[in-house]
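> One letter stands for each residue in the lines below.
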Amino acid sequence: MAIWKVSYVVKSSELPGGIINLDHTPEPGEILQIGDTHLEILEAFELIPARGDFHYIHATCKVIEQTE
Amino acid sequence: MDINQLLQSVELFDGLSGKDLDEVAAICKQRKYNAGEILAKEGEVGSELFVVSEGLVEVTVEEFTVPRVVVNLGAGQIVGEMSLVDRGPRSATVRAIHDTVVQVIQHDEFKDLCERNTGIGYLVMSNMAADLSFKLRHRNLSEE
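Residue numbers (our numbering), protein chains in the order written: chain S, 46 to 113; chain H, 532 to 675.
Calculated from the structure, these hints are not laboratory results.
Every residue gets a Cβ at the ideal spot worked out from N, C-alpha and C, and that includes glycine.
It cannot be assumed that every hint is accurate.
Which bits of chain H does chain S cover? Going by a derived footprint, with three or more residues having C-beta under 8 Å, they are [unchecked claim]:
no.: 1; stretch: 537-547
no.: 2; stretch: 600-606
no.: 3; stretch: 653-666
Same shape as in the complex, but just chain S:
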């Protein structure tokens, strides 16, 4: 069961970013829903080599919608 552990940061925002698990490779243009916030991935790259079932990705995002 492959898992993509994603470190994300949010450009031009006070949002702190975070770490989440995904079941697929995150791609630029993809929309992530983190809590009440929708983020668009601008860039994603492998942060460190995969180990076991885990892939390690860093993504830069921008806010496209925040409901709270």
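Go by the hints and put chain H onto chain S.
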């Protein structure tokens, strides 16, 4: 998702066999937090490790008495591991942003399991170091 499926999705337990995961599952206790509730408070003595099953938590540190959110952690992430390693006070406050479900592992039970089954102990401690490293890389990138 049952608890073994959840544990398989947590990096801390990567590489453990099904039997090993059963042993870990046996010391997990599920707890629910409503949005806004505090799981752990900076400066207090902590005796629990949390595995986020559902929901989202925010990790806040006090900087010159002003709280600053440093990271949000979603399902599959762990919090509370630093005080397990160094027995020091909590390094941050952890709060549920939304209704959140966690698996709680008591430090003493966890340490006892790692010492009884050194195969589990080696893998878990290695994975814990990798998780701390990933969090540090995240923090470095978020401060660029």
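> None of the hints should be skipped; say for each whether it holds.
Against the structure, the hints come out as follows:
1. 537-547: holds (count 5)
2. 600-606: With 7 residues closer than 8 Å to chain S, the stretch 600-606 of chain H meets the three-residue bar; holds.
3. 653-666: Three-residue rule met by the stretch 653-666 of chain H, so holds; n is 3.
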